[in-house]
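As a plain string of letters, each chain reads:
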Amino acid sequence: MTSDATHWAGLRERGLGWGLNFSAYAYRLLGRTGCLIVLSPIILYFFLSGSEQRRASQSYLARVLPMSVVHRRASFLDSYRHFIAFAGSALDSFAAWSGRLSPEILTIADDTGLKDARGQARGALFIVSHLGNADVSRALLDDATRKRLTILVHTKHAVRFNEMLEQYNPEVAVNTVQVTDIGPETTINLQERIDCGEWVVIAGDRTPLENTERVISAPFLGETASFAQGPYILASVLKCPVYLLFCFRAKHGYELHVEKFSDRITLPRQSRDQASQTYAARYANRLEHHVIKHPFQWYNFFDFWA
Amino acid sequence: MTDLETEIKILIVDSLMLEDIKPEEIASEEPLFVEGLGLDSIDALELGVAIRKKFGIKIESVNDDIKTHFRSVQSLAKFIESKKKAEA
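Protein chains in written order, with the working numbering: chain A, 1 to 306; chain B, 1001 to 1088.
Heads up, some of the hints might be wrong.
As the list claims (entries may be wrong) - Below, computed lysine-lysine pairings styled on DSBU-like, alpha-carbon distance capped at 35 Å: (1) A/Lys147 / A/Lys260; (2) A/Lys251 / B/Lys1058; (3) A/Lys147 / B/Lys1067; (4) A/Lys115 / B/Lys1054; (5) B/Lys1022 / A/Lys147; (6) B/Lys1054 / A/Lys260; (7) B/Lys1053 / A/Lys147; (8) A/Lys251 / B/Lys1054; (9) B/Lys1054 / B/Lys1022; (10) B/Lys1022 / B/Lys1067; (11) B/Lys1067 / A/Lys156; (12) A/Lys239 / B/Lys1067; (13) B/Lys1022 / A/Lys115; (14) A/Lys115 / A/Lys293; (15) A/Lys156 / B/Lys1022.
If you are wondering where the hints come from, they were derived from the structure by calculation, not from laboratory data.
Quick caveat: nothing in here was measured; it's all calculated off a predicted structure.
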């Protein structure tokens, strides 16, 4: 059993190294568009066979496109374009991790948020989302900033993936902490990191798999959707400032948006649910502000309004 | 009642900002969560962090003991004492 597991893990590791080497090579040889053209049969296969993801994409696009900068009704082909955008984003992550993307392609849209966070005596909490590609930004940020990051992930797989990545390219490694539930131990660990000036990163647009109690609803793109309560609980206990981080693909490269969300989140005992609801609604509002500008960069391929 | 229990009661009232209750009104054996004092899971997080800071003890591993230790002021006092001895 053990040897099987080790063997399997070993294979995975080699697989990742090989995959990263190969995509780095393809990226250099063909460029981003060239890679996407080569990959297009595979993307088409996923588009045609992944009916659940396709339906999620279609219902999302039907909502967002009329409200967005595109300002029209969604067609069947838009969904394919959505899949291509996702493949492109995954490609960029691979290229960034393998060290193929130059840090210069990252531009900072407005540096007030980032400056503000850097000026804090202690650390901060950063809420990211699956809108745009926050992973790319972590690979493109300067060393000092990257070393400050601790990313909260939901699964052991994500932790393992990061370890493999670190072996392949130590320069893009960040700390990860696995959280299934936010308990006292995790909180104390994160508190220590915040006290040392670290930046703790958590996703705000995925609800926890296990703890279904910690879910709150907020209006998003015209209808109520579920959001995680975790980020706001964590922020209130850590007593640190909160920022939102988005990283969008622009014409040439990526654009980083860091905005201050709150100096300090408090959830008074008598009104914890209402208070966290207010924060979630504000978050959903910012998410909406950005998603209508970048409708094809939304990488949640499940029924978000379920 | 030990001095440590008094300290814990003060810490509970201060760190959780319990406005309508005084430290001496908390009974040492009274359950802190749900029934009794009626604290919730967010309070548990706050309290864990506060205890960590005040007594300098480490609560490292993820285990179910935590719930037993946090049950009442008395069990917290026992927990902190045993931790302090172990680290001394």
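Outcome of the hint check:
{"no.": "1", "hint": "A/Lys147 / A/Lys260", "result": "21 Å, holds"}
{"no.": "2", "hint": "A/Lys251 / B/Lys1058", "result": "49 Å, violated"}
{"no.": "3", "hint": "A/Lys147 / B/Lys1067", "result": "34 Å, holds"}
{"no.": "4", "hint": "A/Lys115 / B/Lys1054", "result": "32 Å, holds"}
{"no.": "5", "hint": "B/Lys1022 / A/Lys147", "result": "44 Å, violated"}
{"no.": "6", "hint": "B/Lys1054 / A/Lys260", "result": "31 Å, holds"}
{"no.": "7", "hint": "B/Lys1053 / A/Lys147", "result": "25 Å, holds"}
{"no.": "8", "hint": "A/Lys251 / B/Lys1054", "result": "52 Å, violated"}
{"no.": "9", "hint": "B/Lys1054 / B/Lys1022", "result": "19 Å, holds"}
{"no.": "10", "hint": "B/Lys1022 / B/Lys1067", "result": "24 Å, holds"}
{"no.": "11", "hint": "B/Lys1067 / A/Lys156", "result": "24 Å, holds"}
{"no.": "12", "hint": "A/Lys239 / B/Lys1067", "result": "23 Å, holds"}
{"no.": "13", "hint": "B/Lys1022 / A/Lys115", "result": "43 Å, violated"}
{"no.": "14", "hint": "A/Lys115 / A/Lys293", "result": "24 Å, holds"}
{"no.": "15", "hint": "A/Lys156 / B/Lys1022", "result": "44 Å, violated"}
Going through the hint list in order, the structure does not satisfy hints 2, 5, 8, 13 and 15.
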